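Sequence lines, in order, name chains A and B.
Counted from 1, the first sequence has number 293 at position 293 by full-length UniProt numbering; the numbering is strictly sequential.
Counted from 1, the second sequence has number 220 at position 220 by full-length UniProt numbering; the numbering is strictly sequential.
Quick caveat, the hints were computed from the structure, so don't treat them as lab data.
These numbers come from a predicted model, not from an experiment.
Do not take every clue at face value.
Facing chain A, according to a computed beta carbon distance under 10 Å, are these residues of chain B, among others [as the list claims (entries may be wrong)]:
{"#": "1", "residue": "Glu95"}
{"#": "2", "residue": "Phe213"}
{"#": "3", "residue": "Gln477"}
{"#": "4", "residue": "Glu506"}
{"#": "5", "residue": "Leu540"}
{"#": "6", "residue": "Pro562"}
Every residue gets a Cβ at the ideal spot worked out from N, C-alpha and C, and that includes glycine.
2 protein chains.
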Amino acid sequence: MGLGELCNQSTETFVCHPSTSGDTTSMQPALALYLALCLGSVFAIWPLPRSLQQGSTPLLLSHDFAFEISLSHPPGDLLSAVSRSQSYLQNDKLERLVVGRGAADRAPISGAKQISSLKLVLGGNRTMRSITEEILLPLEERDESYILDIPTNGAGATLQANSTLGLFRGLTTFGQLWYYSDGKLYTLEAPLHIEDSPVFSWRGLLLDTSRNFIPVDDIKRTFDAMSWVKLSTFHWHVVDSQSFPLQIPGFEELSQKGAYSADAVYTSGDVQELVSYAAERGIDVVVEVDTPGHTAIISESHPEFVACPQFTPWATFAEEPPAGQLRLLPDAANFTANLFTAVAKMFPSSMISTGGDEVNVPCYEQDLEMQQYWNATGQNLNQTLSMFMQATQQSLIKAGKTPVTKEEMALNDQLTIANNSLILVWKTSADLPRVIERGFRVIFAASDYMYLDCGAGGWLGDDVNATSWCDPFKTWQKTYSADFLANLTDAQKSLVVGGQHQLWTEQTSAANLDPITWPRAASGAELFWSGPGGNVSAALPRLHDVAYRMIQRGIKAIPLQPQWCALRPGLCDLTS
Amino acid sequence: MGLGELCNQSTETFVCHPSTSGDTTSMQPALALYLALCLGSVFAIWPLPRSLQQGSTPLLLSHDFAFEISLSHPPGDLLSAVSRSQSYLQNDKLERLVVGRGAADRAPISGAKQISSLKLVLGGNRTMRSITEEILLPLEERDESYILDIPTNGAGATLQANSTLGLFRGLTTFGQLWYYSDGKLYTLEAPLHIEDSPVFSWRGLLLDTSRNFIPVDDIKRTFDAMSWVKLSTFHWHVVDSQSFPLQIPGFEELSQKGAYSADAVYTSGDVQELVSYAAERGIDVVVEVDTPGHTAIISESHPEFVACPQFTPWATFAEEPPAGQLRLLPDAANFTANLFTAVAKMFPSSMISTGGDEVNVPCYEQDLEMQQYWNATGQNLNQTLSMFMQATQQSLIKAGKTPVTKEEMALNDQLTIANNSLILVWKTSADLPRVIERGFRVIFAASDYMYLDCGAGGWLGDDVNATSWCDPFKTWQKTYSADFLANLTDAQKSLVVGGQHQLWTEQTSAANLDPITWPRAASGAELFWSGPGGNVSAALPRLHDVAYRMIQRGIKAIPLQPQWCALRPGLCDLTS
Chain A
1 MGLGELCNQS
11 TETFVCHPST
21 SGDTTSMQPA
31 LALYLALCLG
41 SVFAIWPLPR
51 SLQQGSTPLL
61 LSHDFAFEIS
71 LSHPPGDLLS
81 AVSRSQSYLQ
91 NDKLERLVVG
101 RGAADRAPIS
111 GAKQISSLKL
121 VLGGNRTMRS
131 ITEEILLPLE
141 ERDESYILDI
151 PTNGAGATLQ
161 ANSTLGLFRG
171 LTTFGQLWYY
181 SDGKLYTLEA
191 PLHIEDSPVF
201 SWRGLLLDTS
211 RNFIPVDDIK
221 RTFDAMSWVK
231 LSTFHWHVVD
241 SQSFPLQIPG
251 FEELSQKGAY
261 SADAVYTSGD
271 VQELVSYAAE
281 RGIDVVVEVD
291 TPGHTAIISE
301 SHPEFVACPQ
311 FTPWATFAEE
321 PPAGQLRLLP
331 DAANFTANLF
341 TAVAKMFPSS
351 MISTGGDEVN
361 VPCYEQDLEM
371 QQYWNATGQN
381 LNQTLSMFMQ
391 ATQQSLIKAG
401 KTPVTKEEMA
411 LNDQLTIANN
421 SLILVWKTSA
431 DLPRVIERGF
441 RVIFAASDYM
451 YLDCGAGGWL
461 GDDVNATSWC
471 DPFKTWQKTY
481 SADFLANLTD
491 AQKSLVVGGQ
501 HQLWTEQTSA
511 ANLDPITWPR
521 AASGAELFWS
531 GPGGNVSAAL
541 PRLHDVAYRM
551 IQRGIKAIPL
561 QPQWCALRPG
571 LCDLTS
Chain B
1 MGLGELCNQS
11 TETFVCHPST
21 SGDTTSMQPA
31 LALYLALCLG
41 SVFAIWPLPR
51 SLQQGSTPLL
61 LSHDFAFEIS
71 LSHPPGDLLS
81 AVSRSQSYLQ
91 NDKLERLVVG
101 RGAADRAPIS
111 GAKQISSLKL
121 VLGGNRTMRS
131 ITEEILLPLE
141 ERDESYILDI
151 PTNGAGATLQ
161 ANSTLGLFRG
171 LTTFGQLWYY
181 SDGKLYTLEA
191 PLHIEDSPVF
201 SWRGLLLDTS
211 RNFIPVDDIK
221 RTFDAMSWVK
231 LSTFHWHVVD
241 SQSFPLQIPG
251 FEELSQKGAY
261 SADAVYTSGD
271 VQELVSYAAE
281 RGIDVVVEVD
291 TPGHTAIISE
301 SHPEFVACPQ
311 FTPWATFAEE
321 PPAGQLRLLP
331 DAANFTANLF
341 TAVAKMFPSS
351 MISTGGDEVN
361 VPCYEQDLEM
371 QQYWNATGQN
381 LNQTLSMFMQ
391 ATQQSLIKAG
401 KTPVTKEEMA
411 LNDQLTIANN
421 SLILVWKTSA
431 DLPRVIERGF
441 RVIFAASDYM
451 YLDCGAGGWL
461 GDDVNATSWC
471 DPFKTWQKTY
481 SADFLANLTD
491 AQKSLVVGGQ
501 HQLWTEQTSA
511 ANLDPITWPR
521 AASGAELFWS
531 GPGGNVSAAL
541 PRLHDVAYRM
551 IQRGIKAIPL
561 QPQWCALRPG
571 LCDLTS
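Bound conformation, chain A alone (with noise of 0.2 Å):
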């Protein structure tokens, strides 16, 4: 079948089955050429959706079109979400990415058919809980699933769900399915049935605000981006070793003490206001304090629980500098388990990480208290980390609270941490099927496809040719080609809860947090809804829609290609 045979096919309608109930069947050859040769970047819903039946009859939206509520009692946060919806249809003004742009399209959708509603329903019978409530509960109990229907004979339009969650990822479809063209609202594909729901629950940004502080407005706009592309998770790394800006009740020397100055700090109520901001939008904030390494700011104000503070060179003692770390002691243990309890009352999510990752050994064994316990107890390394592993993690279970902990201490046997952990695998792609194997779940955050900070070069003053050491720059289509379940049994599949982009920021503030992190986020986005093994080209003409609408809302989100690529899908490939 040639290309002019395979377009014309497009007034039929095709039904897209990306991934089926947790299956990561890639979609077929045929289609996603029909979609990057004919359909071009029209198609331009992301995450894919579970199951997509489209036509190709235009459709617009009338001029007094309104979202219609058929709950009693709707929660306030869907009516925003709602209010929000509103306001992108009337703001985005996106003209559609093919040569002419907007003016392509005029005669097309010159007496199309309008719909002048859409009706949200909750279905089902599951108690009515707000979008907040419903992210805030376990990963395992929520329920993100939804129905879209939108006809072309004159009816209203439909969203199902059976959670205001569910509606809530339903009205965000429906924000990316709508051209701007000469004062109208368009698509070209109508009638669309949308059956979804995602393949993972943990779809995540991690977001470093300890090297570079980022105020909160940047985060909140964060926030909004996220809940665009659907990701429900944002994994704050608010502390490290050079800056502690969280102020914690009852701990308020440490960000007292340790923040880059007082302006350079997240307040409670800051920290209650991001909680909610993300809650409405379907994220869930998983704070993550990390100890007992990357931990050095903390001998500003507690030097008592410090080992090897600013020692030198500090290559020795730490990854970077400063040097330092909370000592493996029984007095340090028990400040840190308090250290999150408090935490844990300030953040109402079910997780939150203890970090543990990059434990420096020669730090400790330099260090003459340590050497006095290990002594005196006849203890070794392993065993007081275990300790210390074992007072924080109980100090949030006690919480009501899963911990979350990096890969090494699910790698070491010699330690004991708490079975329910949820593991997240940084390294490298190759140490999910490790930590699997000993029985965790884990969250993909590998540097070799998820690190948004790679490939910036060496950031040392005086290292001239040091790269990033996680070099080279992670591309979208190097996440999106992550084959993370690969070789795994169903068993072991069902063990991973999702993954996420990680964004460290020694050379990130809010100057740069939109351009490092956008469009290419939204490749984890589909990654973790569609699960693994869709097709980069396919997907290449949507993430450009992606980007353009991100731009429309004021994200600074980068152009992927030159423009001339953006507008012509499949001609800037390799292989066209």
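Keeping the supplied structure of chain A fixed, place chain B upon it in accordance with the hints.
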């Protein structure tokens, strides 16, 4: 001598001669260490002046501080520059980059003497011209030198120069001296005596506005930032194969059919506005209309002049999609020569670039018209290319312009090009001596040191593991270390007119223009003002200062390190 002893010397006056009259001796190690460890980022002048004497006495800028211009009939652009300087003093409010920031200096500046004026004096017997007129002179006729004197005895400060351009450079230096604390502006390093002039006249930044369009306001903001680090040349790669955003009188069809949209066009008025805005800020706009390669988009309006338009596979016919380049035939050469005549009228600079890179041979070999011409005339590719080059260069020379061209045209000994051509070395630094040996003047822009876009990953849609062709990312340190005069004789060194960073915009738009450019492009600014051989450890605290001051002025410059490092000079070196 220990560090303590070294730092105790801070009450003395150090004399710094980083490079004298074309020499490129590097800073003394002891001084570099002193600057990095004792003064920290106080010493914040960028680029480093040719000669600097500094003290360690605190000095305040009085609340009624004023610039005194002791010139009769000062040009308007000098008055505007003074007005901008005043505005920066009022609005920068940059706190010094030390632990505690501004608060750390409250004690030392309490009761310090004040200066109430800076007197601008034009010396020598040079004809008085505006800044605009000075920067539009040929490279060898400019005088950017100045002497800045800031005493501590209560007398006013003075700024002397032979030209308004020199005064402007001195004003820029003056604006870098002052920090903010508690409503006061101060330096800790009076008295100051600076005698300064650049090693190279061409200190540039190349920006591609074809792959993705960059709006006029973003280019103007870039001019402001360029002027703050004394960059002198904006090399405007305005058009390429992907889009033709330049409106040229008499050739309006090129942008009408070749721009991405009617909004993505630089009108004649825009060009005039940009050229003026730049020149008032000491920046010469050297436009580049790349020919005969990189011209596929011309086929939209003039298919008769373009060989292999959008031929596939594109990789056979071009370095990136789409394929297509101007035919090397008399008609096309004549068209292009006339185009350059028209372009020359739009741009007052004494220099214009005809491009000349990446001419694709298979594109011509598979072009019927080229084949017919070669058969009919007995000419070969190089002879027709030589004809094309001469036609285009001659049109510029007739218009009074010096032609700029890429290294390929100088290194191909089968071509005849104008002897006075300025040759841009872009492929690799190893090519610089080769071009010099052919007797041409050169601009250093080699991709292994000067490309801002390297390391951002491959952008072709389906190339999952691709990196950028010029990986890795070029850090500021890498640029700063470029020893491009190595192994040249003095006579050969005199052929180097300077150099520039280059920013190709396949993955850049207004969204990431600032963070990808700043503060890295400042590294080139010092490399070409102060000459190669600088010490990265000593430079870094000053470069942090540049970046933080840019943020205060609204430029989204990235942080080069965690703020912990920026506040503690030297502690984040590899060797510390």
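Do the hints match the structure? See the list:
no.: 1; hint: Glu95; verdict: holds, 9 Å
no.: 2; hint: Phe213; verdict: holds, 7 Å
no.: 3; hint: Gln477; verdict: holds, 5 Å
no.: 4; hint: Glu506; verdict: holds, 5 Å
no.: 5; hint: Leu540; verdict: holds, 4 Å
no.: 6; hint: Pro562; verdict: holds, 4 Å
Hint compliance for this structure: no hint is broken.
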